[in-house]
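Colleague: Keeping their order, the protein sequence lines are chains A and B.
Reading the first sequence from the start, the letters are residues 1 to 172 in the working numbering.
Reading the second sequence from the start, the letters are residues 173 to 289 in the working numbering.
There are no misleading hints in this set.
Covered stretches of chain A, going by a simulated chain B footprint (3 or more residues, C-beta under 8 Å):
hint	segment
1	24-36
2	41-53
3	56-62
Here are some of the chain B residues that sit facing chain A, going by a computed Cβ distance under 8 Å:
hint	residue
4	ILE259
5	TYR262
6	TRP266
7	ALA267
8	ALA268
9	ARG269
10	PHE270
11	GLU272
12	LEU273
13	ASP274
14	VAL276
15	VAL277
16	LEU280
17	LYS281
18	ASP284
Rather than coming from a laboratory, the hints here were simulated on the basis of the structure.
The beta carbon of each residue, even a glycine, is placed where N, CA and C say it ideally should be.
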Amino acid sequence: MDVRKESKAGPTKNRTEVERKSERELVVTRTVNAPARLVFEAWTQADLFRRWWVPKSYGLTLLSCEMDVRVGGQYRLVFRHEGSTMEFFGTYLEVTPHSRLVWTNEEGEDGETGNTVTTVTFDEIEGKTRLVVHDLYPSKEAIDSGSTGALPEALDQLDELLASLGSGTETR
Amino acid sequence: MVQYSQAQFDASFGALSDATRRGVLEQLGQGDASITALADRFHMTLTGMKKHIGVLEQAGLVTTQKVGRVRICKLGQRGLEEEAAWIERYRKLWAARFDELDIVVEELKRKDEENGR
Numbered sequence: 001m002d003v004r005k006e007s008k009a010g011p012t013k014n015r016t017e018v019e020r021k022s023e024r025e026l027v028v029t030r031t032v033n034a035p036a037r038l039v040f041e042a043w044t045q046a047d048l049f050r051r052w053w054v055p056k057s058y059g060l061t062l063l064s065c066e067m068d069v070r071v072g073g074q075y076r077l078v079f080r081h082e083g084s085t086m087e088f089f090g091t092y093l094e095v096t097p098h099s100r101l102v103w104t105n106e107e108g109e110d111g112e113t114g115n116t117v118t119t120v121t122f123d124e125i126e127g128k129t130r131l132v133v134h135d136l137y138p139s140k141e142a143i144d145s146g147s148t149g150a151l152p153e154a155l156d157q158l159d160e161l162l163a164s165l166g167s168g169t170e171t172r
Numbered sequence: 173m174v175q176y177s178q179a180q181f182d183a184s185f186g187a188l189s190d191a192t193r194r195g196v197l198e199q200l201g202q203g204d205a206s207i208t209a210l211a212d213r214f215h216m217t218l219t220g221m222k223k224h225i226g227v228l229e230q231a232g233l234v235t236t237q238k239v240g241r242v243r244i245c246k247l248g249q250r251g252l253e254e255e256a257a258w259i260e261r262y263r264k265l266w267a268a269r270f271d272e273l274d275i276v277v278e279e280l281k282r283k284d285e286e287n288g289r
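All chains should be modelled from the sequences, with the hints used to inform the complete structure.
Modeller: So this is what it looks like as structure tokens:
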């Protein structure tokens with residue numbers, strides 16, 4: 001039996017949409033049933049951010065999460081995944097309270113093509129917040145290989161996909 | 173799930189082992205293109221691109237159609253499925269993440285209300 005706990009926000013989850021906008025851009029949109037002020041808080045306070053950024057269902061442990069949310073400030077996330085650790089870090093380029101966050105993803109930096117830049121906009125409409133997460137990859141290759149910007153889960157999935165597409169080709 | 177024969181699988185693996193061919197698939201994911209345009213885009217000769225397209229076509233990743241004097245390439249069924257699957261996996265990650273965000277934000281909302289706002 002499925003007894004739903006109805007909250008004021010309603011039982012149905014809002015739809016997450018992903019669009020491959022161009023060969024270098026991925027855009028994710030989602031509405032959150034709360035004012036931008038609160039949603040922004042959840043994106044900018046490390047103790048809150050770490051609670052949702054890594055979905056529980058993905059089996060990753062977030063070992064540490066440091067965020068110095070101001071222009072020029074750094075963030076660093078350390079994960080444990082299957083016996084090893086991974087670090088994701090970068091710099092905040094823009095911090096506009098309740099409306100806009102921009103940061104770089106520097107872990108995949110190769111010096112030539114630059115970093116993936118993530119822009120998050122918070123657009124409040126009638127007490128709800130429309131979130132748009134825009135990833136601009138330095139190159140088409142980066143988006144395809146998952147070498148930058150993407151999160152560990154996404155990387156794993158990309159690797160899986162690439163493996164399923166192209167495994168074994170080197171030895172043929 | 174669509175089942176592919178071993179031969180088709182081998183063809184796909186071969187087709188996707190090459191960075192240019194993967195690039196071509198990504199490009200076609202954005203829209204159909206002529207072989208000439210693709211050759212231009214990837215800085216190679218028409219003959220070179222024709223070869224790549226041939227390999228992709230063999231693997232069912234790309235289909236081509238002659239329109240007047242131009243040969244237009246588009247993603248084949250298998251290519252489309254891969255593109256869709258990739259996006260769907262990415263979407264699922266974000267959906268899961270946002271569901272957790274909802275929980276955190278609901279908690280903030282409750283606290284906010286308790287504080288008499």
